[in-house]
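Participant: What follows is each chain in one-letter form.
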Amino acid sequence: MNNKLGRLTGGLLLALYAELASAAYQLNFQAPVTRIASEIYDLHMLMMYVILVIFCVVFGVMFYSIYAHRKSVGHKAEQFHENTTVEIIWTVIPFLILIGMAWPATKTLIAFKDTANPDLTIKATGYQWKWGYDYIKGEGEGVAFLSALSTPQDQIHNQKPKGENYLLEVDNPLVVPVGKKVRILTTANDVIHSFWVPAFGIKQDAIPGFVRDTWFKADKEGTYRGQCAELCGKDHGFMPIVVEVVSAEKYTQWVAEQKKKTAAAAEDPNKQWTAGELIAKGEKVYAASCAACHQPTGKGLPPAFPALDGSKIATGDKNAHIDIVLNGKTGTAMTAFGKQLSDTDIAAVITYERNAWGNKKGDAVQPAEVKAARK
Amino acid sequence: MSAVIDTHGHADHDGHGYQPSGLMRWVTTTNHKDIGTMYLWFSFTMLLLGGVLALTLRLELFRPGIQIVNPEFFNQLTTMHGLIMVFGAIMPAFVGFANWQIPMMIGAPDMAFARMNNWSFWLLPVAASLLVISFFVPGGAPAAGWTIYAPLSTQMGPGMDLGIFALHIMGASSIMGSINIVTTILNMRAPGMTLMKMPMFVWTWLITAYLLIAVMPVLAGAITMVLADRHFGTSFFNAAGGGDPVMFQHIFWFFGHPEVYIMILPAFGIISQVIPTFARKPLFGYASMVYATSSIAILSFIVWAHHMFTVGMPTAGLLFFMYATMLIAVPTGVKVFNWLATMWKGSMTFETPMLFAVGFIFVFTMGGFTGLMLAIMPVDVQLQDTYYVVAHFHYVLVAGSLYAIFAGTYFWIPKWTGRMYDETLGEWHFWLSLVFFNITFFPMHFLGLAGMPRRIPDYASQFTEFNQIATVGAFGFGLSQLLFLYIVLKVSVFAKGEKAPAKPWEGADTLEWTHLPSPAPYHSFHEAPEVK
Ligand code: HEM
Ligand SMILES: [Cu+2]
Ligand SMILES: [Cu+2]
Chain X
1 MNNKLGRLTG
11 GLLLALYAEL
21 ASAAYQLNFQ
31 APVTRIASEI
41 YDLHMLMMYV
51 ILVIFCVVFG
61 VMFYSIYAHR
71 KSVGHKAEQF
81 HENTTVEIIW
91 TVIPFLILIG
101 MAWPATKTLI
111 AFKDTANPDL
121 TIKATGYQWK
131 WGYDYIKGEG
141 EGVAFLSALS
151 TPQDQIHNQK
161 PKGENYLLEV
171 DNPLVVPVGK
181 KVRILTTAND
191 VIHSFWVPAF
201 GIKQDAIPGF
211 VRDTWFKADK
221 EGTYRGQCAE
231 LCGKDHGFMP
241 IVVEVVSAEK
251 YTQWVAEQKK
261 KTAAAAEDPN
271 KQWTAGELIA
281 KGEKVYAASC
291 AACHQPTGKG
301 LPPAFPALDG
311 SKIATGDKNA
321 HIDIVLNGKT
331 GTAMTAFGKQ
341 LSDTDIAAVI
351 TYERNAWGNK
361 KGDAVQPAEV
371 KAARK
Chain F
1001 MSAVIDTHGH
1011 ADHDGHGYQP
1021 SGLMRWVTTT
1031 NHKDIGTMYL
1041 WFSFTMLLLG
1051 GVLALTLRLE
1061 LFRPGIQIVN
1071 PEFFNQLTTM
1081 HGLIMVFGAI
1091 MPAFVGFANW
1101 QIPMMIGAPD
1111 MAFARMNNWS
1121 FWLLPVAASL
1131 LVISFFVPGG
1141 APAAGWTIYA
1151 PLSTQMGPGM
1161 DLGIFALHIM
1171 GASSIMGSIN
1181 IVTTILNMRA
1191 PGMTLMKMPM
1201 FVWTWLITAY
1211 LLIAVMPVLA
1221 GAITMVLADR
1231 HFGTSFFNAA
1241 GGGDPVMFQH
1251 IFWFFGHPEV
1261 YIMILPAFGI
1271 ISQVIPTFAR
1281 KPLFGYASMV
1291 YATSSIAILS
1301 FIVWAHHMFT
1311 VGMPTAGLLF
1321 FMYATMLIAV
1331 PTGVKVFNWL
1341 ATMWKGSMTF
1351 ETPMLFAVGF
1361 IFVFTMGGFT
1371 GLMLAIMPVD
1381 VQLQDTYYVV
1391 AHFHYVLVAG
1401 SLYAIFAGTY
1411 FWIPKWTGRM
1421 YDETLGEWHF
1431 WLSLVFFNIT
1441 FFPMHFLGLA
1451 GMPRRIPDYA
1461 SQFTEFNQIA
1471 TVGAFGFGLS
1481 QLLFLYIVLK
1491 VSVFAKGEKA
1501 PAKPWEGADT
1511 LEWTHLPSPA
1521 PYHSFHEAPE
1531 VK
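Chains as they are written, first to last, in my numbering: chain X, 1 to 375; chain F, 1001 to 1532.
One chain only, chain X, in its complex shape:
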């Protein structure tokens, strides 16, 4: 019996060890690709060396004392308990070391805060739980899109093997040109989020109702991944940031594509849609914007996230339904989707909600009705 247990634990330990030994352990910051990030990297290394030296000296003294000044080796206690000189020395020396550290830190800090004269300005808006990007000034002005996690739910719930960029992948990455100063304005729609790309050395909170800024100038093309860094509710762990840094030519090309897409998507707001078209489109919008809380089944996660299946609003008056989707409900996680979605999307998703699951209203909401309900 004991033997079996022993072999079992031995086997388990071995398996654990094998798993641990085969992995790559990253011990330091991600490789920096901006000047600020590499200055931060160097600051951290400098501090580490100083700290290591202090560590060795201080604990060298302590362990020597533990070794030599023990009663068991017959050491007799001396009774001194003051020495002004020593006390002054060990106040002044740390102070000088700190000044040595503060100097480079100050320089980096000032450079970090210098957001003047950008080539490109992009507004990043935090939503529960995705990012919205608006290209405000510079090449690409007018481009705007939402960027949400693209890792499938069945990977998160362990039904499928996890992909290479598990949890660090999005549907629409932020695209910027290499070697250009990009200023990021951050704000948020609901609660505080934080825009963080480790390889760029930036982290800036996105605060609802306020605009803050930060900047970066990426020196190397590539794909860089970060995450929201401020607890923002249920899916805080699931709103990554992906930035693609591309060459100037590729960037121009990308901007042209985006413009074309926007033009194609700009539907005639007065077009009459059939219920079937609206429901088909609405299902997609629902999956992207609503399912995180109200769940694909429409059952929600009561009481924080109420069910839509059979709900009073989704089976009641159309206008109340339009109102809550457009304007949200204050004091809850229900955001005002009027700011994120087009009239067509809102009409489609409302139509879908009124006709999905057990809801059989059989009515449809046209984009024109949503447009009228705005303002």
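If you're looking for bench data, these hints aren't it; they were derived computationally from the structure.
Please note that a few of the clues may not be correct.
Claimed, not checked - Cross-link-like lysine-lysine pairs, in silico, BS3-like; alpha carbons within 27 Å at most: (1) X:K76 - F:K1197; (2) X:K71 - F:K1345; (3) X:K181 - X:K113; (4) F:K1503 - X:K76.
With chain X's structure known, arrange chain F with the ligands on it following the hints.
Facilitator: Just chain F with the ligands, lined up with the frame of chain X:
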């Protein structure tokens, strides 16, 4: 030294003649020793509860993917773990020490306000119940982190209201406790015990009590504003109504940073009693310790925004808070150097209290180093809200405050129970705690550096290995604490173990050791001892 004072036989003429027994003894008691005991058991209960929550978190984080708790519940667990550990485990434990030790160490018969003392304690179980009940209300427990940042905290269900009430009650309890401690220390010292002759533990608690009185009302203000935003239509933290979400953080951290010192200064006090005792040598630099502690307390009011380096402050503000924070390292260093100088050329023995004290210096200092790293604003930008910060504050709060609580318990339990704890088991407890603590929290530095945010229920695959190591360590650490429970139960509740002499530690020289038998009599120092 004067002879042991007879403190028996006062039962009839001391005004406490009537003694209910059983449960009512504990409900109605105004005796500082009883109340101290209740504080300590309450704290240990909360430690186990908060520990179970933490182990659940660690289990979920053993692998990437969502396994055992969903993301909403995960956030409730992190939040409640933090609140329970800070307000339920660490703070009440130190108040328990204050209750037992301050009167005995200054030669006073009891605390100044004995009835208020009872009330301060009994508020705590009420607050703890509210916290536990919040798990069962619609929407569950608060899930906005122990920092309950607005406007996330204005979004939550009724669990948040319960959390806010609980904090209010615990705050009231802390304020009453502090007033009691300040009054006791300033008015009830034995003749001859000037302020500069007080034991270091008493000094650190005097300063801590002032900090508590200063900042608990600030916390109360912040959470009351959240409550008003939630229910009374105000917009303190809502930009749409003219408020500012960042203001919450300023107010919270104006409380929050002194709060972290509230959790460490009494620990410094305990360590400053233990080290000289086992080095058989007086505390080095007593006066400079007092000044260092006071300057830490004062500085702690002007560094709060180092928790907010990423909210987007102006350059001048960032510089000010960076420099001020770095400055704190100086008095903190002075303390560490003083302890080392106390050990230097002493005649040391390493019983369990001393092991924990030396462990404290070694591991707490690492937390000080990471604190210094985080003080450097540009570096903090990379590390804020990552596992690096999680590592930092567990190094200072677990290896700091909690180790000091262990050191103090082993140190004084002979006086409290009249029995010697099991030395072998105590040393096992120390080594297990030390090893598993580091297995759990050291890898978190690497996770934070590599870019893993804190407060997430699921993570990218490259963080897997260090998370697995941390989870294994956490279970080891958690289980080791059951050993502590056993050691304490054995000498207290079961009254087993060798009888303790009045002064079991050769180097001890404070009044509770030199003037009182072990266990300390129910009523001590009815006649004040003379201190020379
Ligand atoms: C040399 C002394 C110390 C310095 C310079 C220091 C510095 C810092 C800084 C800059 C942060 C903010 C990190 C961030 O969020 O980005 C921080 C966080 C923290 N520190 Fe310290 N610290 C020191 C000692 C302590 C001590 C003694 C304690 C408590 C016993 C403590 C407890 C905490 C806690 C609880 C947090 C995190 C709070 C949270 O965000 O939840 N620190 N420290
Ligand atoms: Cu977030
Ligand atoms: Cu702080």
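Participant: With reference to the structure, classify each hint as holding or not holding.
Facilitator: These are the hints, each one checked on the structure:
no., hint, verdict
1, X:K76 - F:K1197, "holds (25 Å)"
2, X:K71 - F:K1345, "holds (10 Å)"
3, X:K181 - X:K113, "holds (13 Å)"
4, F:K1503 - X:K76, "holds (20 Å)"
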